[in-house]
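Taking the hints into account, I'd like the entire structure generated from these sequences.
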Amino acid sequence: MSMIYDMNLNPQKISKIPKMNPHESHTGASPANPLIPKRGIITKITTETPDVKTFSITGADGTKPFTPQPGQLGMLSLPPYGEAMFSVTAQNDTHIDMAIKAVGSLTNALHAVEEGQECGIRGPYGNGFPLDFCHGKDLIFIAGGIGHAPVRSLIRHCVEHRTDYGKLTVVYGARSYADLVFKDDLFDNWPKVDNMDIHVTIDRPEDGWQGHVGFVPSYPEELALPPSVSIVCGPPIMIKFALQALTKMGFKPNEVITTMEMRMKCGIGKCGRCNIGSCFVCLDGPVFTQEQLNAMPPEY
Amino acid sequence: MKTIAKTQIDSILKALAVPYNLYIPVAGAFTQTPGREGLENASQFRLYQEGLPLHWTTNTCLSPKDLLFPQTEEMYTIVSHGKTVEIQEKAIGHKPTILFGIRSCDIESIDCMDRVFLEKGFEDTYYKTRRPRTILFALSCTTHEDTCFCTSMGVNPQSSPSADVQISDLGDTFSFTAQTLGGEQALAYVDALLSEIIGTGPSGALKTQTPDTLKTPEELKEIALSNAADSTLSSAADSTLSSSSADSPLSSAADSTLNAAADNAGNKTSAASPLPTDPMIITVNSDGVSEKLENMFEHPLWDEINLPCLGCGACTYVCPTCYCFDINDKTLSHTTINKQRCWDSCMFSDYTRMAGGHNPRPSKKERVRNRFLDKLLYNRQRHGRLFCVGCGRCVAKCPVNLEIATVIQKIQAAEVTPS
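Sequence order for the protein chains is A and B.
Going by my numbering, the first residue of the first sequence is number 9, and it counts up by one from there.
Going by my numbering, the first residue of the second sequence is number 442, and it counts up by one from there.
Derived from the structure by calculation, the hints contain no laboratory data.
Honestly, I wouldn't trust all of these hints.
[Unchecked claim] As a list, the in silico BS3-like pairs of lysine-lysine whose alpha-carbon atoms are at most 27 Å apart:
hint : chain 1 : residue 1 : chain 2 : residue 2
1    : A       : 256       : A       : 175
2    : A       : 52        : B       : 524
3    : B       : 524       : A       : 46
4    : B       : 524       : A       : 109
5    : B       : 806       : B       : 838
6    : A       : 248       : B       : 806
7    : A       : 46        : B       : 561
8    : B       : 805       : A       : 248
9    : B       : 771       : A       : 46
10   : B       : 569       : A       : 46
[To be verified] Just a few of them, taken from the derived set where beta-carbon distance is under 10 Å, the chain B residues facing chain A:
hint : residue
11   : 517
12   : 525
13   : 557
14   : 782
15   : 791
16   : 807
17   : 811
18   : 818
19   : 822
Heads up, the beta-carbon is just placed ideally off N, CA and C, and yes, glycines get one too.
Here it is as structure tokens:
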């Protein structure tokens, strides 16, 4: 994160004010107001866990409402409950997917709707994952709980463009087997992909669970994963301990990539609340490297 | 330089109010609401109407930011029936507008707003619609309030080079100097009402320095007159060379104005002339404050200064550079919602609280720290300047005196171990 700035107290006035005749009245709406949502339709609802559902959202014209890069965000609204930012977990020509955990008033209302419900949708927002940086490299994905949602968009991208990337390793965990999201991918689809390892863990032992038991942050060390580019997402406390563990294992700060979450209202870097230091998560993020986070105040 | 007697100012306002939405600083009024008589309404910018009591002596209690960034802006209507949702965008109507009599500090705050809403990725549609259609008439200060500290923040209270028109208070008269094409076009509507003095005007003479003390109207007038004299000399020289009539020497009308101005300058007992002013009471050293704050995120200063804060948000409400907003619903019926954006405040606990309860700034300490770091460090990094213009509104309004001037002084006095 560049911390270099103009030392002059009275820098040049910006020249961005559009040049136009100030004596010309303006009426009517602007064609591209980024704060106005488009009408969308929730065409499919998939129950992932007891409190996570995936919503497939199609635009009013039958195609996907927008084309996000892996890791980018969309603002979904359901009247009269409001609007919130979610990461796009997958997309195809007809829809985008958002995996949403029921935690607040909007998300609980979303969990109560049926297929065919219309909604508001705007985006894409944020920077997305650095695809060029990841190109040709071995990638380790480390995710906990609903943190799988943003990471999944990149995993899917890598699987779809399998030859562009090196070895893919997924380390994923949740509180229990029931809380694991995207089980089809974890247990059926991805294990069949060439040169791709899947490691799943749950927090506590459970009847019938044959896999690993333990928390996500310590699992990569137990697996003795060699340092490479890693993508980390999960609850703030998981991210914190995972980053510490990766640092200890010799992962380079500029190769550890994570996505942050903050409360957002506008999504376009104006409304102010999602700042971490001088960065806005909705615009400059949500994807940051550990190197960038180290230069930012620890306030997330 | 064009001037008009202060007593005639209403003729200018009346003429400008025809082609423009004209906003003027209006004095606080006393309400007549039964049971609340005597409560003061804040002085603020209002749409011109004949007879509104003008507020000329000092800055308005409320900043004019709401004219570019309304406190509440209706964005769109959502109508939902069963599973269907319909979204109707609201039209943004904006007539050419003049903000008349803005002080230098608030002109600087508009520069801050320009950077937020027109830079860094997305442009804000609402602001981008209003801003180029808004003409700024800056008014020089000849006195200051006890709470003013603009000179400490690098603002010249008597000159705003980025304004469209600079109005200077010359005692009994106001001078008008157009500084942009938009300003010239606006002044053309009132040209017949103004008297001409040939000269570059006081703003040209003052713009290179930040005065420690404000110039009195008499001093401003002397500068104006000497500029006028210089200009007369040079235009006389020009005319001997080119013998062109384009660079006309003083007209007789301007001549008489000059003489009248000179008479006024000698008339120290004139009731209309403000008294010569003292240096500002609050002075702070803002040099290097951003650089120092880079190593102060964990400083114990924040544990101390947040203690009196009530979290009322008055500072953010009156601050001319505070731009945060919320997007929320105004429910019209069980099927219809107006989506609107409203000013918000980073001092409120739910500002950053996420669904599920996690709050990255859970207590007053983090919120107070974020506000001052935002003003003095983050916006410097993001937008290239401090987001305090020294208007002193938070100094005047904070109920517990937790205001930015004192905080800057405490930051400058703090001991920091280099990281």
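Okay, the hints, checked on the actual structure:
Distance check on the hinted pair: residue 256 of chain A and residue 175 of chain A sit about 22 Å apart at the alpha-carbon level, within 27 Å; holds. With a C-alpha separation of about 14 Å, the suggested pair residue 52 of chain A and residue 524 of chain B falls inside the 27 Å cut-off, and the hint holds. For the hint pairing residue 524 of chain B with residue 46 of chain A, the CA-to-CA distance comes to about 15 Å; that is within 27 Å, so the pair holds. Distance hint between residue 524 of chain B and residue 109 of chain A is fulfilled; the C-alpha atoms sit about 21 Å from each other, no more than 27 Å.
Restraint check for residue 806 of chain B and residue 838 of chain B: satisfied, since their Cα atoms lie roughly 20 Å apart, inside the 27 Å limit. The suggested pairing of residue 248 of chain A with residue 806 of chain B holds, with an alpha-carbon distance near 22 Å, which does not exceed 27 Å. This hinted pair checks out: residue 46 of chain A and residue 561 of chain B have alpha carbons roughly 24 Å apart, not beyond 27 Å. Distance check on the hinted pair: residue 805 of chain B and residue 248 of chain A sit about 23 Å apart at the alpha-carbon level, within 27 Å; holds.
Between residue 771 of chain B and residue 46 of chain A the CA atoms are separated by roughly 19 Å; this keeps the pair inside 27 Å, and the hint holds. For the hint linking residue 569 of chain B to residue 46 of chain A, the alpha-carbon distance of about 21 Å falls within 27 Å, and the restraint holds. For residue 517 of chain B, the suggested interface contact is upheld, since its CB lies about 6 Å from the closest CB of chain A, less than 10 Å. The restraint placing residue 525 of chain B at the interface with chain A holds, with a minimum CB-CB distance near 5 Å, inside the 10 Å limit.
Contact between residue 557 of chain B and chain A, as hinted, is supported at the beta carbon level, the nearest pair being about 6 Å apart and thus within 10 Å. The criterion of a C-beta within 10 Å of any C-beta in chain A is met by residue 782 of chain B, whose closest approach is roughly 8 Å, and the hint holds. Checking residue 791 of chain B against chain A by beta carbon gives a least distance of about 9 Å; that is within 10 Å, so the hint holds. The beta carbon of residue 807 of chain B is positioned within 10 Å of a beta carbon in chain A (closest approach about 7 Å), and the interface hint is therefore held.
The criterion of a C-beta within 10 Å of any C-beta in chain A is met by residue 811 of chain B, whose closest approach is roughly 7 Å, and the hint holds. Nearest Cβ of chain A to the Cβ of residue 818 of chain B: about 7 Å, under the 10 Å cut. The hint holds. At its closest, the beta carbon of residue 822 of chain B sits 4 Å from a beta carbon of chain A; the interface hint therefore holds under the 10 Å criterion.
In summary, the structure agrees with every hint in the numbered list given earlier.
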